[in-house]
Amino acid sequence: MTHARACRRRYPAVWLLLLAVLLGPLGCSFSQSSKSSSDSSASSSDSSGSSSPGDTAYYDDVRTATEAYAKSGGPFDAYQKKLGDLAKDRGVTNWEENLGAYVAIGEGLAQAKASTGLVETFKDRLAPPGSPGSNDKRSAIQKGYESKK
Amino acid sequence: MTGLARSVLGITVALVMSSGPGAAAASPLAVEYLYINASEGSAAGGHAALRFGDQVFHFEHRPPGILVLARDGFEHFRHLYGDLENRTIRASRIPVNEETYTLLLGEFSRRHAVQRQRLETLEGFRGDRALLEALQGPTPASVAGLGLFAEAPEPAATPRVEPALVSLRGRVVERYGDELVPARMRELTDRLAALEPDADAPAPAGAGDDELRPPAYRFSERFRDTAQALAALQVLDSARPLRTESIVPAPATALPLGSGEAEGVARLADALEDSLARLLDSARPDWGLPMLVGMARLSALRQTVSTGRWVILDAFPADATMLDPPRGSLRRERLSRIREANRLALDAARTALLEAASSPAPFPEAAYARFEAAANRWLEVGRALDERRPLRVHRGVLLPSPAGPLAGTPSYEPARLARALDAARGGEADALAALERDYAYNLVTRNCVSEIFREVDAAFARAAGTDDAIRVREESVRRLGGHVDLAGSLAFIPRVSALVVEDTYAVAERQRLDSFRRRALALMRRDENPVWVFLRESNVLTSTLYRPHPRDSIFLFFTDDTVGPRPLFGALNLVTGLGASVVGLAMLPVDGGETLWAGLRGAVFSLPELVFQNIRKGSFDAP
Chain A
1 MTHARACRRR YPAVWLLLLA VLLGPLGCSF SQSSKSSSDS SASSSDSSGS SSPGDTAYYD
61 DVRTATEAYA KSGGPFDAYQ KKLGDLAKDR GVTNWEENLG AYVAIGEGLA QAKASTGLVE
121 TFKDRLAPPG SPGSNDKRSA IQKGYESKK
Chain B
1 MTGLARSVLG ITVALVMSSG PGAAAASPLA VEYLYINASE GSAAGGHAAL RFGDQVFHFE
61 HRPPGILVLA RDGFEHFRHL YGDLENRTIR ASRIPVNEET YTLLLGEFSR RHAVQRQRLE
121 TLEGFRGDRA LLEALQGPTP ASVAGLGLFA EAPEPAATPR VEPALVSLRG RVVERYGDEL
181 VPARMRELTD RLAALEPDAD APAPAGAGDD ELRPPAYRFS ERFRDTAQAL AALQVLDSAR
241 PLRTESIVPA PATALPLGSG EAEGVARLAD ALEDSLARLL DSARPDWGLP MLVGMARLSA
301 LRQTVSTGRW VILDAFPADA TMLDPPRGSL RRERLSRIRE ANRLALDAAR TALLEAASSP
361 APFPEAAYAR FEAAANRWLE VGRALDERRP LRVHRGVLLP SPAGPLAGTP SYEPARLARA
421 LDAARGGEAD ALAALERDYA YNLVTRNCVS EIFREVDAAF ARAAGTDDAI RVREESVRRL
481 GGHVDLAGSL AFIPRVSALV VEDTYAVAER QRLDSFRRRA LALMRRDENP VWVFLRESNV
541 LTSTLYRPHP RDSIFLFFTD DTVGPRPLFG ALNLVTGLGA SVVGLAMLPV DGGETLWAGL
601 RGAVFSLPEL VFQNIRKGSF DAP
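Keeping their order, the protein sequence lines are chains A and B.
Just so you know, we're using this note's numbering here: the first sequence kicks off at 1 and counts up by one.
Just so you know, we're using this note's numbering here: the second sequence kicks off at 1 and counts up by one.
Any given hint might turn out to be false.
[Stated by the list, open to error] Straight-line alpha carbon distances no greater than 20 Å define the calculated SDA-like cross-link-like pairs of lysine to any residue that follow:
no., chain 1, residue 1, chain 2, residue 2
1, A, 113, B, 116
2, A, 113, A, 148
3, A, 143, A, 115
4, A, 113, B, 102
5, A, 88, B, 120
6, A, 88, B, 463
7, A, 113, B, 73
8, A, 88, B, 97
9, A, 88, B, 102
10, A, 148, B, 97
11, A, 143, A, 117
12, A, 88, B, 73
13, A, 71, B, 278
14, A, 113, A, 129
15, A, 148, B, 99
16, A, 149, A, 129
17, A, 71, B, 462
18, A, 88, B, 462
19, A, 113, B, 237
20, A, 71, B, 109
21, A, 71, B, 110
22, A, 113, B, 211
23, A, 88, B, 109
24, A, 88, B, 592
25, A, 71, B, 73
26, A, 148, B, 119
27, A, 71, B, 582
28, A, 149, B, 105
29, A, 113, A, 88
Hint data in this document are derived by calculation from the structure and do not stem from the laboratory.
So here's chain A without its partners, still in its complex pose (with noise of 0.2 Å):
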């Protein structure tokens, strides 16, 4: 056995370190949410929670799961979860009272090149007539409707 062979034996991290320097200006940033956690964790500027992607990137969500639902169809109530999830995802969990997200849906619908008979489908799940704020919810669909139509 070479000596550098018994070196690489005894000292893996060594060699390791070693070759990611020389590799290491090829590569890329591994995760931050894989890295360790440590103090400045504990920052609240450092948390996504406060300043992850905001209303801009929800509602490009909201948008893109009403384009992709009403392409694809499947179960509604799995749909109506799935905005749920959305807007946890930012810390918010009752996300019916928020009209812009109505407004994104409509939008969304008018990216899947949506019927307006499809629209008021959605209208009539997403805001019954005589539920809470219906007229302002089924409004706002419509709105982002047609912006995007």
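With chain A held as given, fit chain B onto it using these hints.
Chain B only, in chain A's frame:
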């Protein structure tokens, strides 16, 4: 650093940002190619990203060796890389028309959504498996959010009730009649028992499948949502009080209500009560968690008014990372700075919440959630410092939702549970294998750079309606002024890719967002003798900016801002690293190899400095 210097630094950072891409993004549309320079450890090769307005898309290398498209807010991204990791970001601004902007943003958003769906499928199988294993045991199922409240009292005991929930229950009876809650509870109990554990779950994606699939609603998710709704009604029906552990213990002097705040808090509580009463009218299947969390927040708000000090729900998850109590003076000093920054964040969130309370709009949940999270982080650091307790940290969203046991958990047929469990285990293995197959990281062929250009090409192929390479290239030239071809080039290296982008695309503007240390040094040089600043700040011993960070290797001199003396400093750093390694060997039985490892890394990351290259930047707890 003095408080004055910090203030000036904050203002200067704001000015730098307002004249940089942040301001540029407000002008005609553009996409920005971001190159983030290298740092030691996880980021030795640098990083690349694409910015659309306030959103940044970048591919991260994550366990188990897959490349994941992450999306971040620009400010958060800049803070993580530019401040905490002390790395300089170079932005190349490429003006585009609205159609191209929408096309590219749509492509990256779609890819993000597709991959997230694939990751959620894996998590879904894991969720099914965990629930099915729990249902095979004798203990009742745990329901997220139910742990906020005291358990149901024994029948003979005199129940304690929460006045806020008694009031809410009265509001519900007034609105819907006194039969609604019992009838719903019966219906939900029946629905829970009728769920089918072995119903077909969606199959993992096939090779090359990159389309969004219809949303799935798995057994574990249906069980969770139905159980949470049932639990919420059980809590409401008996007006259960909060558990003591659900509230962050805080000294009476912490967070007293300010002058006039009680009225605002009372308005918030009233708005939340209205909102919760409306929630029972919702057709969404997952209304249980909003109801549980909302009732707990309602209780906290009413107690805030009655006690005259903010009552805050403990929002840290049970699996939050626990760090050792702060003992050393350096760490206590660092945490004290974080506590102060958190206090400022809390003050801002509190002001925003009370402003929102004065509007007639529904309960401002987003503002309340920000306030609640900020209060949790401030109080947590304070308790760690003042009471020398372990410090809980959590990078994700803070939502108070501890799990509690569901009374009346149904029992399912054992054979069906076993069948479903087998299927869930198989599905989990298949979903993981599919992810490793379709998104495997490769240093050269699939990394944070290659995937950006692959995605750009995919967008142009979609626009051109063909995968033909020549047409895609033409489309790229037409829209961006050029085409980046990675085949046979070194452009897969983040640093090289930034140069290639500048040479290839119609880059209209270049911006450099200096790292935290560079910005701070520039300010110091303006206000003090530059020679003195250099002497003082060039090394870790006398630097007023840097405090040794657990993530960093052991080194003596900074070399990120100096080129000429870099080999000399590198040699001294090498000696320092080797010396620390020798000390680390002696300390091996005491510190488990921590010093040895930091010393070895210090030595290795000094080697590039001998040939004028810098990788190590040091980490900073920048405010």
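To see whether the hints hold, each was checked on the structure:
Annotation: proposed proximity of residue 113 of chain A to residue 116 of chain B is violated, straight-line Cα distance about 24 Å (limit 20 Å). Proposed proximity of residue 113 of chain A and residue 148 of chain A is supported: the alpha carbons are some 9 Å apart, at most 20 Å. With a C-alpha separation of about 15 Å, the suggested pair residue 143 of chain A and residue 115 of chain A falls inside the 20 Å cut-off, and the hint holds. In summary, the hint linking residue 113 of chain A to residue 102 of chain B is supported, as the alpha carbons are separated by about 16 Å, within the 20 Å threshold.
Between the alpha carbons of residue 88 of chain A and residue 120 of chain B the distance comes to roughly 14 Å, so the proposed pair stays at or under 20 Å and holds. With a CA separation close to 34 Å, the supplied pair residue 88 of chain A and residue 463 of chain B exceeds the 20 Å bound. For a cut-off of 20 Å, the pair hint linking residue 113 of chain A to residue 73 of chain B is broken: about 29 Å separates their Cα positions. For the hint linking residue 88 of chain A to residue 97 of chain B, the alpha-carbon distance of about 34 Å lies beyond 20 Å, and the restraint is violated.
Taking the CA atoms of residue 88 of chain A and residue 102 of chain B, the gap is near 26 Å; set against the 20 Å cutoff, the hint is violated. Taken as a hint, the residue 148 of chain A and residue 97 of chain B pair is honoured in the structure, with Cα atoms around 17 Å apart against an allowance of 20 Å. At roughly 15 Å between alpha-carbon atoms, residue 143 of chain A and residue 117 of chain A fall within 20 Å of each other, so this suggested pair holds. Proposed proximity of residue 88 of chain A and residue 73 of chain B is supported: the alpha carbons are some 17 Å apart, at most 20 Å.
Between residue 71 of chain A and residue 278 of chain B the CA atoms are separated by roughly 31 Å; this puts the pair beyond 20 Å, and the hint is violated. Of the pairs offered as hints, the one joining residue 113 of chain A and residue 129 of chain A is violated, with about 24 Å between alpha carbons and a cut-off of 20 Å exceeded. For the proposed pair residue 148 of chain A and residue 99 of chain B, the alpha carbon gap of about 13 Å is at most 20 Å, so the pair holds. Straight-line distance between C-alpha atoms of residue 149 of chain A and residue 129 of chain A comes to about 24 Å, which puts the hinted pair past the 20 Å bound.
Restraint check for residue 71 of chain A and residue 462 of chain B: satisfied, since their Cα atoms lie roughly 17 Å apart, inside the 20 Å limit. Restraint check for residue 88 of chain A and residue 462 of chain B: the C-alpha separation of about 32 Å exceeds 20 Å, so the hint is violated. Of the supplied pair hints, the one linking residue 113 of chain A and residue 237 of chain B is violated, its CA atoms being roughly 45 Å apart against a limit of 20 Å. Only pairs whose Cα atoms come within 20 Å are accepted, and residue 71 of chain A paired with residue 109 of chain B is accepted, the gap being roughly 16 Å.
Between the alpha carbons of residue 71 of chain A and residue 110 of chain B the distance comes to roughly 14 Å, so the proposed pair stays at or under 20 Å and holds. Note on residue 113 of chain A and residue 211 of chain B: the hinted pairing holds, with a Cα-Cα distance of about 17 Å set against a maximum of 20 Å. Restraint check: the Cα-Cα separation between residue 88 of chain A and residue 109 of chain B comes to about 19 Å, which is no more than 20 Å; the hinted pair holds. Distance hint between residue 88 of chain A and residue 592 of chain B is unfulfilled; the C-alpha atoms sit about 40 Å from each other, more than 20 Å.
Between residue 71 of chain A and residue 73 of chain B the CA atoms are separated by roughly 28 Å; this puts the pair beyond 20 Å, and the hint is violated. The suggested pairing of residue 148 of chain A with residue 119 of chain B is violated, with an alpha-carbon distance near 30 Å, which exceeds 20 Å. As the CA atoms of residue 71 of chain A and residue 582 of chain B are separated by approximately 64 Å, the hinted pair breaks the 20 Å bound. The suggested pairing of residue 149 of chain A with residue 105 of chain B holds, with an alpha-carbon distance near 18 Å, which does not exceed 20 Å.
At most 20 Å may separate the alpha-carbon atoms for a hinted pair to count; residue 113 of chain A and residue 88 of chain A exceed this at roughly 28 Å.
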